[in-house]
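J.: Each residue of the sequence shown is one higher than the one before, counting from -13 in our numbering.
Just so you know, the hints here were simulated from the structure itself, not pulled from any lab data.
Take the hints with a grain of salt, since some may be wrong.
[Said to hold, decoys possible] Pairwise CB distance ranges, derived in the manner of DEER restraints:
| hint | residue 1 | residue 2 | range |
| --- | --- | --- | --- |
| 1 | Ser10 | Gly150 | 36 to 44 Å |
| 2 | Ala222 | Ser10 | 57 to 65 Å |
| 3 | Pro215 | Arg14 | 44 to 52 Å |
| 4 | Ala201 | Pro173 | 18 to 26 Å |
| 5 | Arg6 | Gly194 | 45 to 53 Å |
Note that beta-carbon positions come from the ideal geometry of N, C-alpha and C, so glycine has one too.
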Amino acid sequence: MLFCVLGSGAGAFEADHLARLNDSGSCRDCDLREALLAGRDLTRADLAGADLSMANLRGARLKGAGLAVSNLLQADLGGADLTTADLLDANLAKANLTDATLVRARLTRAHLGGARLEGADLTGASLGNASLAGARMAGARLEMTELAQSDLSGADLSGANLVGAQLIVANLSGSDLTNTLLRAFMPRADLSGARLSGADLSDAFLAGASGLTQAQLDQACGNARTVLPQGLTIKAC
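Throw the hints in and build the complete structure from the sequences for me.
T.: Right, dumping it as structure tokens:
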């Protein structure tokens, strides 16, 4: 069924680009700003380099979609299925990804500063060198997620599940890790000013972590396999 909407005002999408997407299911480098694509089935669509800033993709099916280097600034992807999607170098700053599914998605070097990811499922996703500064990720699933050298400064990760996550040299300064399952591999991570109240660091590897203090650890718990910088201790969970 043909799907079309009328754009209005400056900055709206190109109508012929939307028609191309409707006809072929793909549209590389297209201008789809503010397009209404909620609930659309865009499985494996090729949208690499497309401008989808402020587009409504709420509940869209984007499983396996190619979105590398795309612009999704302030886009609404709430509840969308982005399983295995390629979002390499994509701009998702201030995007709404609440309750979205990003299992095994490729988000290497993606910009997610200020994005909303509450309740999102990022199990097994690749987020190496990604920017997540100030992201809202309360209750997110990040099991086995790769976050090496990512910037999570000031992010809200309260209640998130990071079991098995890779946070090598990650920046977690000022982040909220309250009640987080932080059973992660975190050598040389920066935890300066991070809130660890109620965090579970059982089996966590924190050798070489910077900014970590005894006062922070006194608010958390771990086990005999928790590896900490020399001189620091943690109570058992």
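J.: Could you run down the list of hints and mark each one as holding or not?
T.: Here's how the hints hold up against the structure:
In this structure the supplied range 36 to 44 Å holds for Ser10 paired with Gly150, their Cβ-Cβ distance being about 39 Å. Hint check: Ala222 to Ser10, Cβ distance near 58 Å, so the stated range 57 to 65 Å holds. In this structure the hint that Pro215 and Arg14 lie 44 to 52 Å apart at CB holds, the actual value being about 47 Å. For Ala201 and Pro173, the hinted distance range of 18 to 26 Å is satisfied, since their beta carbons lie about 22 Å from each other.
Checking the proposed 45 to 53 Å range against Arg6 and Gly194 shows it holds: the Cβ atoms sit about 51 Å from each other.
When held up to the earlier numbered hints, the structure conflicts with none and fits them all.
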